[in-house]
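**Q** Chains as they are written, first to last, in the working numbering: chain Z, 1 to 312; chain W, 1001 to 1393.
No lab work stands behind these hints, which were simulated from the structure alone.
Where is the CB? At the ideal position from N, CA and C, for every residue including glycine.
Careful: at least some of the hints might be erroneous.
As the list claims (entries may be wrong) - With the C-beta cut set under 8 Å, the calculated list includes, among others, these residues of chain Z facing chain W:
1) N48
2) R67
3) H71
4) R75
5) Y79
6) I81
7) N83
8) F87
9) P88
10) H89
11) T98
12) V99
13) L102
14) P227
Said to hold, decoys possible - DSBU-like, lysine-lysine: derived pairs with alpha carbons at most 35 Å apart:
15) Z:K155 <-> Z:K173
16) W:K1215 <-> Z:K213
17) W:K1140 <-> Z:K127
As the list claims (entries may be wrong) - Simulated restraints, written as ranges between beta carbons of each label pair:
18) W:A1198 <-> Z:T54: 57 to 63 Å
19) Z:K213 <-> W:G1305: 30 to 36 Å
20) Z:E25 <-> W:K1215: 49 to 55 Å
21) W:A1145 <-> Z:E116: 39 to 45 Å
22) W:K1215 <-> Z:G27: 29 to 35 Å
23) Z:E116 <-> W:L1372: 55 to 61 Å
24) W:G1305 <-> Z:E249: 56 to 62 Å
25) Z:R130 <-> W:A1145: 21 to 27 Å
26) W:A1198 <-> Z:D195: 52 to 58 Å
27) Z:T54 <-> W:G1305: 47 to 53 Å
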Amino acid sequence: MIAIEGLTKVYGSFAAVDDVSMTIEAGALTVIVGASGAGKSTLMRMVNRLVEPTSGRVLIDGEDAARLPVHELRRRIGYAIQNHGLFPHRTVAQNIATVPTLLGWDRSRIAARVDELLHLFQLDPAKFARRHPHELSGGEQQRVGVARALAAEPKLLLMDEPFGALDPLVRAKAQDDLKAIQRQLSTTILLVTHDMEEAIRLGDRIAVMDGGKLLQYAPPAEILVHPATPFIGALIGAGDRPFRLLSLETAAQEAEPGEAQGSVIAADADLRNVLAELLWSRRVAAPVAERDGRVIGRVTLARLIERAGTPT
Amino acid sequence: MAASVARAVRIASFGLDKLGVVVAALLGVGAALPFAVFRANRIVAGEAKPFFEALPPFSVALFALAVLAAAGVSLLRTSARLRLATAVAFAIAAAALIGIAADHLTPPGERYTRVAPGAGFWVLAFAGSILFADSVVRLKLGPLARVLALALGAAAFALALWSGVWSGLSILKEYATRADVFWREAGAHLILAVGSLAAAMAVGLPLGVLIARRKGLRAPALNTLNAIQTIPSIALFGILIGPLGWISVRVPGAAVLGVHGIGAAPAFLALFLYSLLPMAANTVIGLDHVPRDVVDAARGMGMTGRQRLFSVELPLALPVILTGVRIVLVQNIGLATIAALIGGGGFGVFVFAGLGQTAPDLILLGAVPTVLLAFAAAIVLDAAVELVTGARP
């Protein structure tokens, strides 16, 4: 658990981060979202002290981050950034081994860990371990960047716009992979983005920032339904609100007993995609099936319409 | 249809090579100019000898064959391998022929006559080296292959010297009378050029790192080094006489170490000062160009300042720093000749002695090794820069 208490960073007379307090649950994926200049990166960089706070403090599992030697603190926290920051003169394996090497792990343990991470990120070690970063695609570079951040098994991972440099298709895949890996490793993740869509898609909780202040800190559904300020409402976009709300739930969650015609819908498909499929195939209901093909019920247009509106 | 296309392609490729036209023209000019210069002794005015007078009959034919073959191969669009082979064969022929000319023009038993390469020889050598360099570029030789080629060239050159084909040439007669001095000055030259480079690296690298870290130091430090570079070398020697003379007299042990107002100490110091700007500036530029994301990631992962510098920043800046080393070494090998003006030794000793005696052969004895040394240093360091850059984009 990370407790941020009254954190402030002042540059001259400009407060980049202004008295922010929030608690980040262990094992959750927390997203800080805001426009550029909102102070979100500065806030995140104060957690691993790449920026030293002007006032306030960060407690990691009850321990004041300011009391630890700064290099030790950073080696315990994973760090992944937008343009991955891979070392161009080192191979993929050497890049991933960076923090374990700094921590003085023995060679066999490092090699085993690098191998494990490459498998986890679907990168064949025989093919990728000895390549240099410039020999990888953008998506592969991004995966190596995250693998490197996770190498020393940190309990906390900081990610600054990690998918910003990826094209939309690769980005969607990378976001899904991150979700899956986070569930598997139960790492606490603090992720910064300017993209509300990404925040809603990934976040267990979302912190919205503007002008250095924390405006709202809540689960995505609450932010969509009860935006705390008109600014947050604008950030969500009134036109997209129902669809974003739908995107938070899966077909399995809204499946009801009954029959339906036509092609089946995957149980883990989000409701926005289900709605699109129903509209496109001119159906009012579709069968929902698990991955193994077992039909668990149906999802109806009427139910989707009910879920897409403000709860009454 | 297919046949006519093939014919069109053949005609198009059977054009003249543009650079080859220049090489062939230079070969023509070189053949027309005097191949060798004959002098009754080392300081009288020379008598220009065209190739047909400078060479015995059989060698005249060989000369004509070599020039025509080289011109033909350069003019036509021939393969890079053939061009390289031609350039090498032409160099061997020219080297042998100038030696033959020296023996042919020197009357038997005569000790005072001098035969030196004429303007024609130098133009032919220039044309041959263009053909050689161009074919090396076209072959896209890798860095290691180029260093190997340099080593082979140096070995062939040493073999030619040892075999005695050139012993009739004036420059080697100058060498023969002062062989021991030559090697002593060669050593002095290398110590001046390489030693001042080493000292400049020892000071310039840390200075560059410091300037790159502290932005406030950048302008004053680089401007000071820049100002030093603008001082003419002779003036710098003059400026250094005072302080070094004082040190020599007042600081115990300085005189024993060879520190005097004139001599090797001020020459070394001047070369060192001139080298500082390229070393420090290239270090700064190299460090500045390390991608910000890479530095940010290195900090964020918990590397200390020292770990970041040695395992990330300096390795990534290395190609630019090595380029600085290349600039400094080539510059210092050339500049070290002026050390002789203040008694600092080096190949400049022969250049200035030759100027004083109006003995052009003696000037060449100083100038030719200097040029060859600078050339070799440039090839080796270019290859090194390419090797360290090669592993990444």
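**Q** Compare the structure with each hint and give your call.
**A** Going down the list of hints, with the structure as the test:
no.: 1; hint: N48; in the structure: holds (6 Å)
no.: 2; hint: R67; in the structure: violated (16 Å)
no.: 3; hint: H71; in the structure: holds (5 Å)
no.: 4; hint: R75; in the structure: holds (4 Å)
no.: 5; hint: Y79; in the structure: holds (3 Å)
no.: 6; hint: I81; in the structure: holds (6 Å)
no.: 7; hint: N83; in the structure: holds (4 Å)
no.: 8; hint: F87; in the structure: holds (6 Å)
no.: 9; hint: P88; in the structure: holds (5 Å)
no.: 10; hint: H89; in the structure: holds (5 Å)
no.: 11; hint: T98; in the structure: holds (6 Å)
no.: 12; hint: V99; in the structure: holds (5 Å)
no.: 13; hint: L102; in the structure: holds (6 Å)
no.: 14; hint: P227; in the structure: violated (32 Å)
no.: 15; hint: Z:K155 <-> Z:K173; in the structure: holds (23 Å)
no.: 16; hint: W:K1215 <-> Z:K213; in the structure: holds (32 Å)
no.: 17; hint: W:K1140 <-> Z:K127; in the structure: holds (29 Å)
no.: 18; hint: W:A1198 <-> Z:T54: 57 to 63 Å; in the structure: violated (47 Å)
no.: 19; hint: Z:K213 <-> W:G1305: 30 to 36 Å; in the structure: holds (33 Å)
no.: 20; hint: Z:E25 <-> W:K1215: 49 to 55 Å; in the structure: violated (41 Å)
no.: 21; hint: W:A1145 <-> Z:E116: 39 to 45 Å; in the structure: holds (41 Å)
no.: 22; hint: W:K1215 <-> Z:G27: 29 to 35 Å; in the structure: violated (42 Å)
no.: 23; hint: Z:E116 <-> W:L1372: 55 to 61 Å; in the structure: holds (56 Å)
no.: 24; hint: W:G1305 <-> Z:E249: 56 to 62 Å; in the structure: violated (49 Å)
no.: 25; hint: Z:R130 <-> W:A1145: 21 to 27 Å; in the structure: holds (24 Å)
no.: 26; hint: W:A1198 <-> Z:D195: 52 to 58 Å; in the structure: holds (54 Å)
no.: 27; hint: Z:T54 <-> W:G1305: 47 to 53 Å; in the structure: violated (23 Å)
Violated hints, listed in ascending order, are 2, 14, 18, 20, 22, 24, 27; each of the other numbered hints is respected by the structure.
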